[in-house]
Amino acid sequence: MAGKKKRRDWCAGAIMPYVSLASAKMGLYIIILSVVWLTLASWRTDAVPEKLSDYGFFAGNPAQQKPMAGVVPYALNTPLFSDYAEKLRFVKLPDGKSVVYNDTAVLDFPVGTTLIKTFYFPTDFRDPAKGRRLMETRLLVHQSGGWKAFDYVWNDEQTDALLEVAGDTKTVQYIDKAGIPKQHAYVIPNLNQCKGCHNRNEVMTPIGPSVRQLNGDLAYSETAKASPENQLTHWKQERMLTGMPALAACPKAPVWNNPETGSLNDRARIWLDINCAHCHNPKGPAMTSGLNLSVSETDSTALGIQKTPVAAGRGSGGHLFDIVPGKPDESILIYRLQSTDPGEMMPELGRKTVHTESLALLREWIKAMK
Amino acid sequence: MKQYVLFLFTCLFASNVWAQTDVQKRYQTQLIMVDDGGVVDLDAGTFTFSGSLSLQDKKKITIRGKGVDKTILSFKGQTDGAEGLRVSNAENIIIENLTIQDSKGDGIKTMNVKGITFRNVKVEWTGPPKAENGGYGLYPVQCDNVIIDNCTAIGASDAGIYVGQSRGIVVKNSKAYHNVAGIEIENSRNAEVFDNEAYENTGGILVFDLPDLVQKQGGNVRVYNNYVHDNNLPNFAPEGNIVAGVSDGTGLLILAASNVEVFNNRFINNQSVGTGIISYLLTERPITDKGYYPFSTGISIHDNVYERKPGPPTTRGRFGKMFHSVLKFDQDIPHILYDGITDPATLDKNGNMPADKRICIRNNKNQSIANLDAAQGFQHVSRDAAPFDCQLEPVKTTVGNGR
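In the order they appear, the protein sequences are chains W and X. If you're matching positions, the first sequence starts at 1 in our numbering and goes up one per residue. If you're matching positions, the second sequence starts at 1 in our numbering and goes up one per residue.
The shape of chain X in the complex, shown without the other chains (with noise of 0.2 Å):
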């Protein structure tokens, strides 16, 4: 028994080896030939990949695994490739029902793709949080009508699920934890982020609008439903990256984004900044972009529930250096935090904003604001909800269903 349990071993090791370049090969070569319309069926097992894997100029094309942690396709050890799976200039892709592990970049990465669903994917990088790890999980950009669904992200050195300069977003029931960011919608329009859990990422929900690149102007983003909670692990990104700046203990940061609602969220135990709604400029970034508009702009927050334990906040990254140096709450954190740099020309001559372009923040449970009046060096912090007690039209966004 024993010797035919150990000749079965061997076997099983052997063909792991053997199998490596082979199943490279015969996987990549499917996703070549396969004819639009077609299934990419792939095996239930752990697969072990030297280089991207890639499907590209394909219509209707669904890559199908046996089921999250039974298709594994793993990347460790990965010598090409700037990402485990690529998908490019394609209509109607669906990836599913299998586990990305450990690719040396991005774990998923489609661009110009029309139409993309995940549903059922994991992505991780095993092992503790680590700055070696690939920088995005899911990784869409420059697609239209996205759907990630019922998807996992785990480990990320920069956002585990990030859509980038997309149009028509649906990102929900979905989790990701042990990324600096978890769920981040960037530069993209029309995004619908709904019960997904999102915890013990450096920051929870990111919602960013960067400048120097193709698609600016993000914006039409609804936040709901989601369960945001102890995000409060400390910020592994390698420098450079806008995500290093982000503060341990953050649940959801809005920057320069317009027309977002955030609402019937439940943000718990974020210990430094419940909710925060800030300016690129206060980055401190240069901007040499003469498209790009760095203000947050028709913010609404309401309806969300708000709790945290007591205890001081991060001294690190953006907002901790605040807190360490200027802001002195100790430990009395508000729950949301506003830059108050505000776009000045918008101003009438009461020094206030149109009314669409005002930051809303009313009905949450346990409410707390500050007005960090970054603008003027924090020299009028004010602590007074009553400048916010005001109402959005609801967002409206159009988002597809996929198929």
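Next comes chain W alone, as it looks inside the complex (with noise of 0.2 Å):
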């Protein structure tokens, strides 16, 4: 502990001198020092790995992917919109532990769980074969004090990614699904913005892997993807779950953009549940507005039909009401969800590109509405 504090305090002085630099507009220099210091400041978190192979997550070269054995890869059925980023999602259990079944919130994983999410373009998304640029990789882990957030950043040889606190803003290129090239900006999160999302009272949380969100089917490995498993009868199976009740008994997250999955409505409901109600719920950041898009919302006032905003500013559009039953274009909601302007837009964060397919779906939503 004596340590840590020690390299703290000559951390502090390494600022001194660049701090008069910087206001002499010495501009090289604060680069190279600046280089130098972040490097030291991520350095000075000793106790976190510095390179996501550190962890061991991964066999043989990390940008492939392959979970070691313990590191079980799992998908959500509508997961967060990230600017068209795929992602990969695994968890680790602490050995010999396992998580208790519940049906209405997060699973409530033990200490020691990491869950690890990697974002990736793929170089054309109508061909997996042509290769992907991995952006970044997130750990959750779920320490003694409770969750923390790292996020890792690949490098450009995407060999390993490296702990990154103060986030950075990269340029993306990649061929849609439409055959037409795109490049945005993608925004890798500080570790304060993680909190902005992963935050319920106050306390980081894990957003995505509830059962609802769990129960669907995926391939664990290469040779069994003609047969992919059920989440839930595999993580019971492997003892990763206990609790579980008969699978027709857990709740099943609909598809977004799936109509097999769910009706309109339900497809709606799960959208905004996994995109806005990690902010819009009674106990998250977006408390304040009165807004509550989780999909346990009953309250129509709550969930936004014809209610006033509060704090929108310009986010409001011109328009009175966040959802004006039948009429998308007079809908707050909809206006900020199309909206680019970092003063206008929602989420707050997260998102440089319109998601068009979820947006045709809130429409049809608010129009069917009566």
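Rather than coming from a laboratory, the hints here were simulated on the basis of the structure. Note that the Cβ used here is the ideal one computed from N, Cα and C, for glycine as well. Careful, some of the hints might be misleading.
Said to hold, decoys possible - To give an idea of the chain X side of the interface with chain W (calculated C-beta under 7 Å), a few residues:
1. Gln28
2. Ser54
3. Gln56
4. Asp80
5. Gly81
6. Asn89
7. Gln142
8. Asp144
9. Val214
10. Gly240
11. Ser325
12. Gln367
Unchecked claim - Here are the computed lysine to aspartate or glutamate pairs in the EDC-like style, where the Cα-Cα straight-line distance is at most 16 Å:
13. W:Lys148 with X:Asp57
14. W:Lys283 with X:Asp212
15. W:Lys367 with W:Asp266
16. W:Lys236 with W:Asp217
17. W:Lys252 with W:Asp266
18. W:Lys283 with W:Glu202
19. X:Lys365 with X:Asp303
20. W:Lys92 with W:Asp54
21. X:Lys290 with W:Asp83
22. X:Lys290 with X:Asp343
23. W:Lys177 with W:Glu357
24. X:Lys76 with W:Asp341
25. W:Lys352 with W:Asp341
26. X:Lys114 with W:Asp54
27. X:Lys59 with W:Asp341
28. W:Lys170 with W:Asp83
29. X:Lys309 with X:Glu200
30. W:Lys170 with X:Asp22
31. X:Lys59 with X:Asp22
Please dock the two separately framed chains into a single complex, following the hints provided.
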């Protein structure tokens, strides 16, 4: 502990000459010194591995994302939209530990659990064989003091990912599903911003892995691709999940863009739940707005129907209510989802593009409302 | 010499361009790494940021610049984040001696902070007031022990100084101008607003209570020794926001708030409504929130000074429409307007409110009053001051002293 403190002091000393130089506006020195300082700053958090490969989550080349034994891939039925990034998710439970079933909230993973999420862009969304660019791997680590977030940014060589606390902005290029070349900024969050979403009553919390979101099929190995397994069934068999009732009794989130999995209302509500309700719930950072987009909300005003905005500012787009039944073009909710202006848009973070497909779903949903 | 100057200029320009992402990372890293009890010192100069800065989960931190207009954090061209600086889940935070400019959304938002002091802070949107400006300048929400001292807010498209859903608030020695609302206390309890100057806004000071929020039943607010003048700026708030309905020419507006004492203020040249006392029902917005109380009660307006220039009031906003269509005051606008909407459940058999819930107005210089009788469709607009000639117990508040 004493050693850690000492290192901090030394680090503070390193800032001092830098600060005076900044006022002298010596650009080049600023860059060199800041690189040195930022390297030291990230190195300073000595308890946290500097490289993703230090964790040993993946076999062989980490960019292949082949999980080691005990690192289990998972998928969500309706995931959070992150500027069209594809995601690979894994959970690593502590040896011999399991998680207890609950059908309402995110699973309560035991201390020692790590949730791993790698964001990537395929070179060509139409053809996975053309390769991909890994952007970042985010870890949520359940320590004895609570969940901690760490973000590892993949290097240009795609050999490893390095710890980054202050965030970054990159440019991504890919060919989308329609064959159109795309290029846009991609924002890697700083550690504070992680909690901007992963926050319940100011306590850092995972968002995705609830029973309803895990209740879907996944192929666990290349060879088994022909016969994907239900994830809950798999977790139960592997003794990762205890107290699970019969599969038929488990709630199941629809897949937002697959009408066979749920009604228009159900698909719109689950999309809002995973994309908005981490903030817009009575215990989340957007509680101040009174808007609750959780799938469990039943009060129509809290859900935004004929609800006046509170602190929307320009985000109101000149509209009077969050949702006007039958009128998507008069609904603030639609306005904010189709804006990319940071003073207007929702969510506030993590979006540089418009998710046209989900917007179409929500427009249809509001249009069908009476 | 010329070449030397040119060289210097090039250096300056280059370093500013270079510094952008670099400074962002440097200050953000400091804000993440600072230990409880620490100080984040910001240099003198203008620094441009492309994304929000944030501080969270910390105790007893001071974020300190070198002075207003000396340390300028500019968010012009911001591409990420809905505010300039954000502080959340923290205790005993001081933000001082700095200027925040041109954030895309709010200037400084602090949420869930127990003990937040803004001292010598200026938040501004440069250029003429416009709808594209961010909503709130200083924006503490769901905070305890808020101190806003010697601050300035300019150009907010909603409220310059906005305290929402908080408890224990002091706003003093501050200036707000060219905003839609200068100073707004919303859904908050125990607030002292004094020694401020609110001018050339659409509305100078607002004390509001709105439905559908986590913290309701705001009130216990004292507004005194303020200079509230020339708030005649045409409203430029985006439609949909509650302040978009505020009429230009408003000095002080009390909406659905309880226990508000207003005294020793100067309300000068607010050309439409020197002081308005209204119910949420007057906004004609829907109310579905069963826990919400839409009436203004226990309001005391005394020992203030009212003056206005001769001339017509506004035709815009809720009051503007009423002036135009039903009130017909012409140019003889009473300084104090009360909508006359009372809670029927509280009236006795003679139609009187309980003593402690009354609207009391007395002893103001140039006092003139109208009860608009909005509940009865403005049928019996009365300019009789006698029904308001009463005195309430002084409002007592509990507020902190900061650190």
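Hint check results:
1. Gln28: Holds - the Cβ of glutamine 28 of chain X comes within 7 Å of chain W, reaching about 5 Å at its closest.
2. Ser54: 4 Å, holds
3. Gln56: 5 Å, holds
4. Asp80: Given a least distance of 6 Å, the restraint on aspartate 80 of chain X holds.
5. Gly81: Given a least distance of 6 Å, the restraint on glycine 81 of chain X holds.
6. Asn89: With a closest approach of 4 Å, the asparagine 89 of chain X hint holds.
7. Gln142: 6 Å, holds
8. Asp144: 14 Å, violated
9. Val214: 5 Å, holds
10. Gly240: Because about 3 Å separates glycine 240 of chain X from the closest Cβ in chain W, which is inside the 7 Å limit, the hint holds.
11. Ser325: 21 Å, violated
12. Gln367: Interface hint status for glutamine 367 of chain X: violated (34 Å vs cutoff 7 Å).
13. W:Lys148 with X:Asp57: 12 Å, holds
14. W:Lys283 with X:Asp212: 15 Å, holds
15. W:Lys367 with W:Asp266: Between lysine 367 of chain W and aspartate 266 of chain W the Cα gap is close to 15 Å, so the pair holds against 16 Å.
16. W:Lys236 with W:Asp217: 14 Å, holds
17. W:Lys252 with W:Asp266: 11 Å, holds
18. W:Lys283 with W:Glu202: 8 Å, holds
19. X:Lys365 with X:Asp303: 7 Å, holds
20. W:Lys92 with W:Asp54: With Cα atoms ~15 Å apart, lysine 92 of chain W and aspartate 54 of chain W stay inside 16 Å; holds.
21. X:Lys290 with W:Asp83: 39 Å, violated
22. X:Lys290 with X:Asp343: 14 Å, holds
23. W:Lys177 with W:Glu357: 12 Å, holds
24. X:Lys76 with W:Asp341: 13 Å, holds
25. W:Lys352 with W:Asp341: 9 Å, holds
26. X:Lys114 with W:Asp54: 39 Å, violated
27. X:Lys59 with W:Asp341: 32 Å, violated
28. W:Lys170 with W:Asp83: The hint holds at about 12 Å.
29. X:Lys309 with X:Glu200: 15 Å, holds
30. W:Lys170 with X:Asp22: 14 Å, holds
31. X:Lys59 with X:Asp22: 26 Å, violated
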